[in-house]
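Engineer: Chain residues, written in single-letter form:
Number of protein chains: 2
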Amino acid sequence: MKLYNSQSSGNCWKVRQMLALLGIPYEKVEVDVIDRSNRKEVLGGKNPALRVPTLELDNGEHLGESNAILWYLADGTEYVPTEPLDRARVLQWMFFEQYEVEPNVAVARFWVAILGQREERAAELEGKWQGGVKALDAIEGHLAGRDWLVGDSFSIADISVYAYTHVAEEGGFDLGPFAATRAWIDRIAARPGYVPMEA
Amino acid sequence: MKLYNSQSSGNCWKVRQMLALLGIPYEKVEVDVIDRSNRKEVLGGKNPALRVPTLELDNGEHLGESNAILWYLADGTEYVPTEPLDRARVLQWMFFEQYEVEPNVAVARFWVAILGQREERAAELEGKWQGGVKALDAIEGHLAGRDWLVGDSFSIADISVYAYTHVAEEGGFDLGPFAATRAWIDRIAARPGYVPMEA
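Heads up: the protein sequence lines correspond to chains V and R, in order. For what it's worth, the working numbering labels the leading residue of the first sequence as 1, then goes sequentially. For what it's worth, the working numbering labels the leading residue of the second sequence as 1, then goes sequentially.
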């Protein structure tokens, strides 16, 4: 398989972590997250959203959207539950991640840590911090008394939500008050086969 | 089943359409989309995102996120394909919908048609229109030469993407240039069992 990847992207990390857990070998094609001028050239015809990650399968087909890729790779393994309601809850957390976590936590991190525009973006950042804290509150409330987001085991829902949550402080968030979330982050990082973002 | 619903929400329409196609009877609980002050009271403990749609199942469990609900209701029926890559492509389009279509097209429509703030929001609307047109371009490019978003049949991917696309003009978008998208909208509205947004 071939992964169109950006090393600093949490969405791409999800796929790298899953491929590693499943022991699937793959080739990486690095795509710039700042200079997007060649996106059409690199990803045109492969992913209508022209975003990474995009996965090229062995049969030459392409798949986009990090959470759809997680489902494709992991369904049928221990990382996706079998019971219909648990499966739907995995999807619920992954849609929550793309709607509430990513647009706030990932975008704040992109502006602050990757573009270095904390000052220039000060006004917009306020809104992102507010939205991100709302998302973190929801995650924290759910994780209180739970080890994993869905059922009793680690799943692709955890991989998905972890991706940007564990680097939220790079975007100016303070994870201090989120004790259950911090314990869950440590639990994931301590798992066998864990792949750090920079790897 | 009980659906926490807002009649004007495209996300809620998805669920109403699916329940109708499957002939599942349900009760509606109307939740205000403008005055959100009672959200915690109504949806607390049911949906961590405190958003509609939230579906209460017959066993008292709750499920949130419109596209996760679609999957839960439709998997195993003709509305979700059986082949793994096609299933992942359905998810790809539903994640695209929540990341690219909803935050631009639905939010512009909310501001213009529901809050009536076209003037007050003029500057922010520019960004939403730009993002929405990018999403519509991607949909249009994909639908050229295709009847449905995934494979050869109508699926929950079509229901998901249709929800806000077919009312984009209420948000100030012009669907005129999107001929393949308009034909697809007409195809969906002509299907047996189609439920209009206002029904």
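In short, the hints are calculated from the structure, not lab data. Among the hints, a few may not be true.
Because identical chains share one entry, a pair is satisfied inside a single copy or across any pair of copies.
Computed list of lysine-lysine pairs in DSBU-like fashion (alpha-carbon distance at most 30 Å, straight line) [claimed, not checked]:
#, residue 1, residue 2
1, Lys2, Lys28
2, Lys46, Lys134
3, Lys134, Lys40
4, Lys2, Lys46
5, Lys28, Lys40
6, Lys2, Lys40
7, Lys46, Lys28
Only a predicted model underlies this, so the values are computations on that prediction, with no experimental measurement involved.
Engineer: None of the hints should be skipped; say for each whether it holds.
Structural biologist: A quick look at each hint next to the structure:
no., hint, result
1, Lys2 / Lys28, "within (6 Å within a copy, 46 Å between copies)"
2, Lys46 / Lys134, "between (34 Å within a copy, 16 Å between copies)"
3, Lys134 / Lys40, "between (35 Å within a copy, 13 Å between copies)"
4, Lys2 / Lys46, "within (12 Å within a copy, 40 Å between copies)"
5, Lys28 / Lys40, "within (18 Å within a copy, 44 Å between copies)"
6, Lys2 / Lys40, "within (18 Å within a copy, 44 Å between copies)"
7, Lys46 / Lys28, "within (15 Å within a copy, 41 Å between copies)"
Hint compliance for this structure: no hint is broken.
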